[in-house]
Amino acid sequence: MSALNANHISMTFDEPNGNRVEALQDVSFNLKRGELLAILGPSGCGKSTLLNIIAGFLAPTSGAVLNGNTKLTHSGPDRGMVFQQGALFEWMNVAENIAFGPKMAGVSSEDTSKIVDDLLDTVGLQDFGDKAIYELSGGMQQRVALARCLANNPDIILMDEPLGALDALTREKMQSLVLKLWKETGKTIILITHSVEEALFLGERLFVMAPRPGRIKQEYHLPFAEEGLTKDPREVKTSAEFIAKREEVLSMIWGMEEEIMGNNQAVGI
Amino acid sequence: MSMSLLESFKQYSGISKSGINNQKTSTFGDTEAIGKGRFWSIVSVFTLAIVWHFGSTLGFINPIFWPAPSTVWQQFITISQDGYRGFTLWEHIWASLYRILVGFSLGCLVGIPLGFAMGLSEKVRGWFDPIVEFFRPIPPLAFIPLVIIWSGIGERSKILLIFFAALWIMVIAARAGVSSIKLNKIHAAHSLGANKRQILQHVILPNSLPEIFTGMRVAMGVCWGTVVAAELVAANSGVGYMIMVASKFLATDIVVLGVIIVGLIGYSIDIIMRKIEAKLIPWKGKS
Numbered sequence: 001m002s003a004l005n006a007n008h009i010s011m012t013f014d015e016p017n018g019n020r021v022e023a024l025q026d027v028s029f030n031l032k033r034g035e036l037l038a039i040l041g042p043s044g045c046g047k048s049t050l051l052n053i054i055a056g057f058l059a060p061t062s063g064a065v066l067n068g069n070t071k072l073t074h075s076g077p078d079r080g081m082v083f084q085q086g087a088l089f090e091w092m093n094v095a096e097n098i099a100f101g102p103k104m105a106g107v108s109s110e111d112t113s114k115i116v117d118d119l120l121d122t123v124g125l126q127d128f129g130d131k132a133i134y135e136l137s138g139g140m141q142q143r144v145a146l147a148r149c150l151a152n153n154p155d156i157i158l159m160d161e162p163l164g165a166l167d168a169l170t171r172e173k174m175q176s177l178v179l180k181l182w183k184e185t186g187k188t189i190i191l192i193t194h195s196v197e198e199a200l201f202l203g204e205r206l207f208v209m210a211p212r213p214g215r216i217k218q219e220y221h222l223p224f225a226e227e228g229l230t231k232d233p234r235e236v237k238t239s240a241e242f243i244a245k246r247e248e249v250l251s252m253i254w255g256m257e258e259e260i261m262g263n264n265q266a267v268g269i
Numbered sequence: 001m002s003m004s005l006l007e008s009f010k011q012y013s014g015i016s017k018s019g020i021n022n023q024k025t026s027t028f029g030d031t032e033a034i035g036k037g038r039f040w041s042i043v044s045v046f047t048l049a050i051v052w053h054f055g056s057t058l059g060f061i062n063p064i065f066w067p068a069p070s071t072v073w074q075q076f077i078t079i080s081q082d083g084y085r086g087f088t089l090w091e092h093i094w095a096s097l098y099r100i101l102v103g104f105s106l107g108c109l110v111g112i113p114l115g116f117a118m119g120l121s122e123k124v125r126g127w128f129d130p131i132v133e134f135f136r137p138i139p140p141l142a143f144i145p146l147v148i149i150w151s152g153i154g155e156r157s158k159i160l161l162i163f164f165a166a167l168w169i170m171v172i173a174a175r176a177g178v179s180s181i182k183l184n185k186i187h188a189a190h191s192l193g194a195n196k197r198q199i200l201q202h203v204i205l206p207n208s209l210p211e212i213f214t215g216m217r218v219a220m221g222v223c224w225g226t227v228v229a230a231e232l233v234a235a236n237s238g239v240g241y242m243i244m245v246a247s248k249f250l251a252t253d254i255v256v257l258g259v260i261i262v263g264l265i266g267y268s269i270d271i272i273m274r275k276i277e278a279k280l281i282p283w284k285g286k287s
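Chains as they are written, first to last, in the working numbering: chain A, 1 to 269; chain B, 1 to 287.
Quick caveat, the hints were computed from the structure, so don't treat them as lab data. Bear in mind the structure is a predicted one, so any value in this text is a computation, not a measurement. Cβ coordinates follow ideal geometry from the N, Cα and C atoms, glycine included. Keep in mind that a hint or two might mislead.
List of simulated lysine-lysine pairs, DSSO-like, C-alpha gap at most 30 Å [said to hold, decoys possible]:
| id | chain 1 | residue 1 | chain 2 | residue 2 |
| --- | --- | --- | --- | --- |
| 1 | B | Lys123 | B | Lys196 |
| 2 | B | Lys275 | A | Lys71 |
| 3 | B | Lys123 | B | Lys182 |
| 4 | A | Lys180 | A | Lys237 |
| 5 | A | Lys71 | B | Lys284 |
| 6 | B | Lys185 | B | Lys286 |
| 7 | B | Lys185 | B | Lys196 |
| 8 | A | Lys131 | A | Lys32 |
| 9 | A | Lys173 | B | Lys182 |
| 10 | A | Lys131 | B | Lys123 |
| 11 | A | Lys131 | B | Lys248 |
| 12 | B | Lys279 | A | Lys131 |
| 13 | B | Lys196 | B | Lys284 |
| 14 | B | Lys185 | A | Lys173 |
| 15 | B | Lys279 | A | Lys71 |
| 16 | B | Lys275 | A | Lys131 |
| 17 | A | Lys71 | B | Lys286 |
| 18 | A | Lys114 | B | Lys185 |
| 19 | A | Lys173 | B | Lys286 |
| 20 | A | Lys114 | A | Lys71 |
| 21 | B | Lys196 | A | Lys237 |
Sample of chain B residues lacking proximity to chain A, with all beta carbon distances greater than 12 Å (derived) [as the list claims (entries may be wrong)]:
| id | residue |
| --- | --- |
| 22 | Arg38 |
| 23 | Ser44 |
| 24 | Leu146 |
| 25 | Leu250 |
Computed footprint of chain B on chain A; a stretch qualifies when at least three of its residues, placed anywhere within it, have a C-beta under 8 Å from a C-beta of chain B [stated by the list, open to error]:
| id | stretch |
| --- | --- |
| 26 | 60-71 |
| 27 | 74-80 |
| 28 | 126-135 |
Using the sequences and the accompanying hints, generate a full structural model.
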């Protein structure tokens, strides 16, 4: 069952200095329901542009995003979004943030508070419902962001470097939480990251993107997310296969960087 | 068990700094480490009072130019009992406060929605931008002659002036409040299924409260200054009117009394606004 279909998506825009930038060139893929797709790539490869197009915040120059036969042109509650940081509402406490989606949809307050209680439990913030956002650590804030997104019960969850601003230890814990939520809810997830390790560990499927023009350079199907559900994350990340894949992806990205630098030298930058 | 008077004074005045701030070795520019500085505020007020008192009693200050504190206090007692120029002291104070409250509220009532509209719509912004930017730097007092021609020296002219003073400040504050929102938050609200009206009500509006409140504090200060100045020019009640009439009779004790009342009320207004702000917008400056 297909959850999402990206159909020949291209995106070009003009920079103020007149240069035409090809942010995305003919990107196509099919996402199955319940898949966890990680997208990795150097800065400027268009991965955030791609996510914004899927979310419906940007319209592609050509191509379309489809859900079955329906063309997705605007943002909607069927595609939940988790941002890196700063997207929570500081004027609401934790519980009110999580309740935002159901409340906007007109869900009754009893049902909403049940949803909120369940989710506080799921993300491990049982006693934090009354806390203000600014009282929470960065990791806890991202837990709230995940819960707020889940409260709306979206078909697809889009994550734009959700763990990018966290310290290394918190990040590892949150990776396990993402895997747990993925397994428990069976949601389709697209996750963008800068971290090769994170992409390999979380991405059941992985796109490595290349810049100028932005495109999918390589696709992987990986066993590590499944392993991470049962095994200790450290064990998975230190296994020989994981390390081999990590080196392979890293050298691919290094290659892209050199290519870019080489191009720049050629034009005299 | 009970704290000594000195201890409680130290604690109240903020001399006894607690916790890590005592241990900091580099405090220059560290606003947290310099504590509340209340002790020095108290010293400062007392020093000024003492200098004033002895300056007057020892004859360093000519009472015609600056009367002794005891004279001003005496005047305060007299006027608060007998009133001044047909109104009690409280009626004069209330007259000024009333003009501010009405004018300021009207300024907020018109200015905030207009600022929001300017922050949300290209057309509205384009249309009103030259008007706002033109009137904003003009001191409201420059309109006194016009306002008197339009509405005489009654309540309406003062309220109109205060309205003018508050309006532009509130327009700009509300506009800045709307633009201060992070696109992330709007996108998050969209993807959570909120429609435009809900985003305005639950996201843009509360997000702009810190800027609006800062605007209100600035506007309150300007309004208070404007009302007193307007009363100096044309009025038949109010604190500024008191000062103006007293000056014509060279009654400097009443002038000084009026000045002190103006200062104290202005200070109190700001303290009240700050208290409301801390209560209403606890997240300000913390994200």
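Hints, one by one, checked against the model:
1. Lys123/B with Lys196/B: Holds, at roughly 18 Å.
2. Lys275/B with Lys71/A: violated (52 Å)
3. Lys123/B with Lys182/B: It holds: about 22 Å lies between the C-alpha atoms, which stays within 30 Å.
4. Lys180/A with Lys237/A: Roughly 17 Å separates the two Cα atoms, so the pair holds.
5. Lys71/A with Lys284/B: violated (41 Å)
6. Lys185/B with Lys286/B: holds (16 Å)
7. Lys185/B with Lys196/B: With Cα atoms ~13 Å apart, Lys185/B and Lys196/B stay inside 30 Å; holds.
8. Lys131/A with Lys32/A: Violated: Lys131/A and Lys32/A sit about 37 Å apart, past 30 Å.
9. Lys173/A with Lys182/B: Holds, at roughly 28 Å.
10. Lys131/A with Lys123/B: Violated. Lys131/A to Lys123/B sits at ~40 Å, over the 30 Å cutoff.
11. Lys131/A with Lys248/B: violated (60 Å)
12. Lys279/B with Lys131/A: Within the cut-off at roughly 16 Å; holds.
13. Lys196/B with Lys284/B: Roughly 25 Å separates the two Cα atoms, so the pair holds.
14. Lys185/B with Lys173/A: Roughly 25 Å separates the two Cα atoms, so the pair holds.
15. Lys279/B with Lys71/A: violated (47 Å)
16. Lys275/B with Lys131/A: Cα-Cα ~21 Å, so holds.
17. Lys71/A with Lys286/B: Violated - the C-alpha atoms of Lys286/B and Lys71/A are around 41 Å apart, more than 30 Å.
18. Lys114/A with Lys185/B: holds (25 Å)
19. Lys173/A with Lys286/B: Holds, because 25 Å separates the two Cα atoms, which is no more than 30 Å.
20. Lys114/A with Lys71/A: violated (33 Å)
21. Lys196/B with Lys237/A: Cα-Cα ~45 Å, so violated.
22. Arg38: holds (26 Å)
23. Ser44: Check passes; 34 Å lies beyond 12 Å.
24. Leu146: Leu146/B clear of chain A: closest Cβ-Cβ about 41 Å, beyond 12 Å.
25. Leu250: With a cut-off of 12 Å, Leu250/B remains clear of chain A, as the shortest Cβ separation is near 55 Å.
26. 60-71: Contact hint for the stretch 60-71 of chain A vs chain B: violated, 0 residues under 8 Å.
27. 74-80: Three-residue rule met by the stretch 74-80 of chain A, so holds; n is 5.
28. 126-135: holds (count 3)
In terms of the numbered hints stated before, the structure departs from hints 2, 5, 8, 10, 11, 15, 17, 20, 21 and 26, listed from lowest to highest.
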